[in-house]
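Enquirer: Given next are the chains, with one letter for each unit.
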Amino acid sequence: MVSGPPPSDYFAIFGIEKKLALDLEDLQRRFYSNSREWHPDRHARASAQQLAWAEEASATLNDAWRVLRDPVARAEYVLKGEGFDIGEQRGKDVPPELLEEVFELNMALEEAREGDANAKSEVVRALAKFEGLLSEIDSERDTLFVEYDAASARDTLSRLRALLNRRKYLQNLVRDARATLA
Amino acid sequence: MSLFQIDFGNEETPHRVVGIDLGTTNSLVAFMDLTAPKVIPGADGSPIVPSVVSIPEHGEPIVGAPAVARLITDPESTIYSVKRLMGRGVADVQDELKLFPFHIAPGSESVIQLELGGKRFTPPGISAQVLRQLKRNAEAHLGESIDHAVITVPAYFNDAQRQATKDAGRIAGLQVMRLLNEPTAAALAYGLDKRQNGIVAVYDLGGGTFDISILKLHDGIFEVLATNGDTHLGGDDFDNLLLRVALEDIATEWGLDLSMDPVAVQTLRRAVIDAKHQLSTLAATTVAFHYQGRSYRRELTRDVFERLITPIVDRTLAPCRNCMADAGVTPEQIDEVVLVGGSTRVPLVREAVRVLFKAEPHTELNPDEVVALGAAVQAGILSGHVEDKLLLDVTPLSLGIETMGGVVSKLIHRNSTIPATASETFTTAVDGQRNVLIHVVQGEREMVRDCRSLARFDLKDIDPLPAGMAKIEVRFLIDANGILNVSAKDLRTGKEHSVEVKPSYGLTDEQVEAMILESFAKAEDDFNERQVREARVEADRILNAVDKAKGDDAYLELSEEERARVDNGIAELLLAYHGENHRLILDKMEALNKATMKLAELMMNSAVRGALKGTKIDQ
Ligand SMILES: Nc1ncnc2c1ncn2[C@@H]1O[C@H](COP(=O)(O)OP(=O)(O)O)[C@@H](O)[C@H]1O
Ligand SMILES: [Mg+2]
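So the sequence lines, in the order shown, correspond to chains A and B. The first sequence begins at 1 in our numbering and counts up one residue at a time. The second sequence begins at 1001 in our numbering and counts up one residue at a time.
Careful, some of the hints might be misleading.
[As the list claims (entries may be wrong)] Derived coverage of chain B by chain A (criterion: at least 3 residues anywhere in the stretch with Cβ under 8 Å from a Cβ of chain A; other residues may be distant):
(1) 1375-1386
(2) 1407-1419
(3) 1473-1481
[As the list claims (entries may be wrong)] Simulated crosslink set (DSS-like; lysine-lysine; CA at most 27 Å straight-line):
(4) Lys80/A <-> Lys1410/B
(5) Lys1389/B <-> Lys1216/B
(6) Lys1389/B <-> Lys1038/B
(7) Lys168/A <-> Lys1410/B
These aren't lab readings, by the way, just hints derived from the structure by calculation. All residues carry an ideal CB built from backbone N, CA and C; glycine is no exception.
Please work from the sequences and hints to get the whole structure.
Expert: Dropping the structure here:
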């Protein structure tokens, strides 16, 4: 007997409350134990309907695991659920406080591509700086996670979204710079 | 606490499921014997069935070792490495077709048609012959009819190649319970007696395909983190290279181009393969080739061989690096490296693996058998006999749909754990539009033209509405076999919407059905014939034994009536023996057994008496 199709909510499928700061070890334990229960291989001899439900449960669980174990994807999932737009545009505008440095990095990248050895060391220096910024953003993100879990304030989510946009921008920048160096 | 519970009651009673490694070069079948998987030998005693099928002008197809001999005597009607053609169109395989001696029929764009002796065969049809042989071997060995199987496929097989493999199983009369990725199967077999936790890389280089998979082992869960590979890379490529070199060499030496002569080419291919195998243990060997009274001999050192194949071996490295990157692990984090596939016996390959992963690769398990053994373990999981293990595999390629301007919109990313799903809502572009065509592709590139076309789905009979009003939600599900399933729902009405699938490569359902029907009649005959044959063998044994017993002193102790009963039993069994009903033969055997019970008892007693006498004399 089956009690129905699985929940589509990613937190519910793990049997946990909606939270941004998650214990990843606990999440993994739940992923494995739910997989043991629901994976279609465990129900190869069941009826077609039961197998379909197992498949559905397993697929949702897999998607949820992929999203929730990654802090950025997890935050985006919660933001989207709360009606925030996390569309394509994000990550394309230069954060104003970084304008100058980004401009300098882009110049250096240009020169490095043309084979300027000095520019290369400048790229390395800028890269280190931006990577430092990235890890600062990540710890700020974790703080916002805790803040949201405590009070579920919409304002926290707005700030989180802005932070993630900035992160996305920086990450693209770092990726390009690394590609140029390689 | 989990909110959602499934209580799966009334499961069917388990039937036996076998595990099959359907290889490019060699195929094997294995089963779960109590607690350990075991490979099943064929009539010749070897579990390895070469994946070679020969179609003689008259009579049944010849499969396995007997077909191998015909590669040379009858190259144009003997097919090998058909796995390289599975799920492909003729445009995909131009290069190898140049080297294959058999002919391709016109109209092979979406399914290759091989032309042999005026008849046409598809790659799944040929693979089905190999599967049928394995099925027969398993039935003979286990003494029961086998209808369910787990079949392994290269991890990097795309949807069409997987579907083709499943079709082959169906044509062979097997219910394919699961397609299992080969490296994952190897990990399962390997994990049986090795470590319970850690990160394992499986490097599988066979005859025609290359796979690399990285898994996390966790208390019986085998979680694939990432997989990569090349479905056109393997020992065949070493062979083709050596073959080309030898052909050129002979052309220079003899002033004769043999490349268009199928018999010569196949004979020479055999010679270079032998040399290749020898170079795995020897530093030098000779390629020897005799043809129409002439002889060609050329010394080949391992050194030269290695220089020749280095570019091919190097082609395995990029997939390995990408796989590690996708899995998010460095070589240092990998605890074990497992080698699978015959081509990992080549020392240069082992060296390349050792350098890349900075570890000594494992070779304890027989690389020929390990995939089949793992398939048997998975069969045990599915039939409920193995309860503590579970595989969590991934899809090797991203799945997307075509959007405006031929750009791919990705729905499910590569290395997503399967089953995996994605939904997308489609609508109409013009007023009154009745159908929407969806083009699904597989691959990592941005543009549709650089990806593999998988299928076109037609959403038909949409209610005529103003543009943009219809809302059809399409759900893409990659199942545990790595095969795509599509369903659609009309969001306005909440009703299931029909989807018509046109696969880009492969057989349609109707074609497969037709092939099943065709083979079914045959299979019935085959099966019946085999049962009769087996019953006769058994009857022979009994008749011989009774014959011998009639010469024993004990026979004289029987009453007249008892003797008549024995004679009667023999006569009736002989009558059934020459009929075609195996049940009747078995019944009459049973009757004869009963009629000779007394005789057997008497013989036993006299044997015991004799033995006792013997003991006394000895004392
Ligand atoms: N001793 C050996 N040295 C080198 N190559 C070998 C050796 N034994 C087998 N091979 C090669 O391994 C390949 C077959 O490997 P196998 O794992 O059976 O392939 P598949 O899974 O594709 O059927 C063939 O190309 C064969 O020539
Ligand atoms: Mg293999």
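Enquirer: Hint by hint, say whether it matches the structure.
Expert: Hint by hint, here is what the structure shows:
Using a Cβ-Cβ cut-off of 8 Å, 5 residues of the region 1375-1386 of chain B lie near chain A, which meets the minimum of three, so the contact claim holds. Here the region 1407-1419 of chain B counts 4 residues with a CB under 8 Å from a CB of chain A, which clears the bar of 3, and the coverage holds. A count of 3 residues in the region 1473-1481 of chain B with a Cβ less than 8 Å from any Cβ of chain A is obtained; the coverage claim is therefore met, three being the minimum. Distance check on the hinted pair: Lys80/A and Lys1410/B sit about 19 Å apart at the alpha-carbon level, within 27 Å; holds.
For the proposed pair Lys1389/B and Lys1216/B, the alpha carbon gap of about 13 Å is at most 27 Å, so the pair holds. As the CA atoms of Lys1389/B and Lys1038/B are separated by approximately 18 Å, the hinted pair is consistent with the 27 Å bound. For a cut-off of 27 Å, the pair hint linking Lys168/A to Lys1410/B stands: about 19 Å separates their Cα positions.
Violated hints: none; the structure is consistent with every hint.
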